[in-house]
Amino acid sequence: MTIIIDLEHISYKYQSIDEQSALKDISFSIEKGDWVAIIGHNGSGKSTLAKTINGLLLPENGKVKVGEYLLDEKNVWTIRQMVGMVFQNPDNQFVGSTVEDDVAFGLENQGIPREEMVERVHSALEKVKMSEFAKREPARLSGGQKQRVAIAGIVALRPDIIILDEATSMLDPQGRKEVLATIQELKKKENLTVISITHDIDEAANANRILVMKEGELIHDGTPQTIFSYGQELTALGLDVPFPEKLKSALKKRGVEVPKEYMTEEGMVEWLWTSSLKK
Amino acid sequence: MMNKLIFGRFIPGGSFIHKMDPRCKLLVSFYFIGIIFLANNWQSYLFMFLFTIACIALSKVNLDFFIKGVRPLLWLILFTVALQILFTRGGNVFFEWGIISITQYGVVNGAFIFCRFVLIIFMSTLLTLTTPPLDLSDAIEYLLRPLKVFHFPVHEVSLMLSIALRFVPTLMDETERIMNAQRARGVDFGEGNLIQKMKAVVPILIPLFVSSFNRAEELATAMEARGYQGGEGRTKYRVLYWHKSDTGAILVFVVVTFALILLRT
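Residue numbers (this note's numbering), protein chains in the order written: chain A, 1 to 279; chain B, 280 to 544.
For reference, chain A alone in the conformation it holds in the complex:
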């Protein structure tokens, strides 16, 4: 596997807040095609971390490498072309007055000729299943639809990496499902690398690797199975423990022996109905 993002000893401090650093000596790398979830408390530095990857914030110390480019003032626009970012508030990232204008915004910025733009806008909208809404204004879309438009705007730029900065946190359950399904499908088709910053444990469970942040430090790095098996510690970090984990600890209290590794809801059902047979 090739490494697509490489962070070395990153630290960052907000100028207005003279408390401790927002990021403290963070190093990790992400492989191409991975889905990495970054979880942590409010103010743990996870959004700051995401913003250093595409140069929205320049770290005080350390090196950021995306693809073969080292992040500096010269390369920052190339890197932003490679890294698309979906933000939290669906309204505050909708620049265009209609769906298609918004998708075209990024393309316009790159100076792409109009004929190609039209084609790329349409195919991007098709990929997120929003073609029929092309002429709509944002006020007439649901939160989930707006986020899908934001994703289309990024897909149209043909990035290698997509960062979801709490992109589903303001959506209703239906919208959340739509957005995640869209990302899963795109990831498969376009061979994207996905970084999702999230509070939502189900979104984190989609990842194949989870980074846990606390007060600007990276405290855990592992697969969902290992991370979720920490149970109580996750609750202490302000993260809700997934339902199967809760069920497991409840069962444990009643003296039922349960497997240690993380299970999805389906896996849990599977285990439950076969468990008494195995005894």
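No lab work stands behind these hints: they were computed from the structure.
Take these hints with a grain of salt, some might be off.
[What the hints assert, rightly or not] Taking lysine-lysine pairs in the BS3-like style, the calculated list, with each CA pair at most 27 angstroms apart, reads: (1) B:K478 / A:K135; (2) A:K24 / A:K63; (3) B:K515 / A:K127; (4) A:K74 / A:K129; (5) A:K189 / A:K65; (6) B:K476 / B:K298; (7) A:K74 / A:K127; (8) B:K515 / A:K135; (9) B:K347 / A:K129; (10) A:K129 / A:K63; (11) A:K32 / A:K135; (12) B:K347 / B:K476; (13) A:K74 / B:K298; (14) A:K177 / A:K187; (15) A:K214 / A:K24; (16) A:K127 / A:K214; (17) A:K24 / A:K65; (18) B:K476 / A:K135; (19) A:K13 / A:K74; (20) A:K135 / B:K339; (21) A:K214 / A:K189.
Following the hints, position chain B against chain A.
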């Protein structure tokens, strides 16, 4: 409260007026404001009224929208008309008290100014009702282009305009939400005298300002993340098409101008 302000509220449709090039519509709207000052008697004002009504009929937009458009500006109009009536002198004097006098000329002038206001509002409402705001800002960008010579930031102004327009519904929703939140805390917006009413606006405006600043910052971040680096080297997704009918519309306005010159005294 907010819904009464229909300025900038586009009503979709397929009429001839809707299909006109926004540049043409913008030009002739401004031209209309210019030539309305040519009218100076009943005949010419009647002619302009009929012409405006014809334009409205052509747009197939309900006349109610236009009358609603006048309403928020009614006080301003009445104030101006009152000034004209009270301070213009000449002709038969109906009433006199100190510097205030109601004269024949004053009343006639007041009536003309009222007509002028209403016609201008009707025409500009027609422009905003039949033109999507973004088309309008495209038109403005296009028409301002010559000013680039003087280092006028044409692209920035046009982007500012289109973003402002795009956020109108968002901010309206927000205002509604804040008002409801304040109502739930016992604020009464409809009651009291003018000063009390103005005071009641403060708890709406402050949260609205705070949230707008936050929105602006987030939007700026999102735009930068999508590679926005100013107008240099940007291409345009939206294009405007000038049809033969647009040239036709301009010719109609030329004819109207001549008719006005003939009708005025």
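Looking back at the numbered hints, which does the structure fail to meet, lowest number first? Hints 1, 4, 6, 7, 9, 10, 11, 13, 16, 18, 21 not satisfied by this model.
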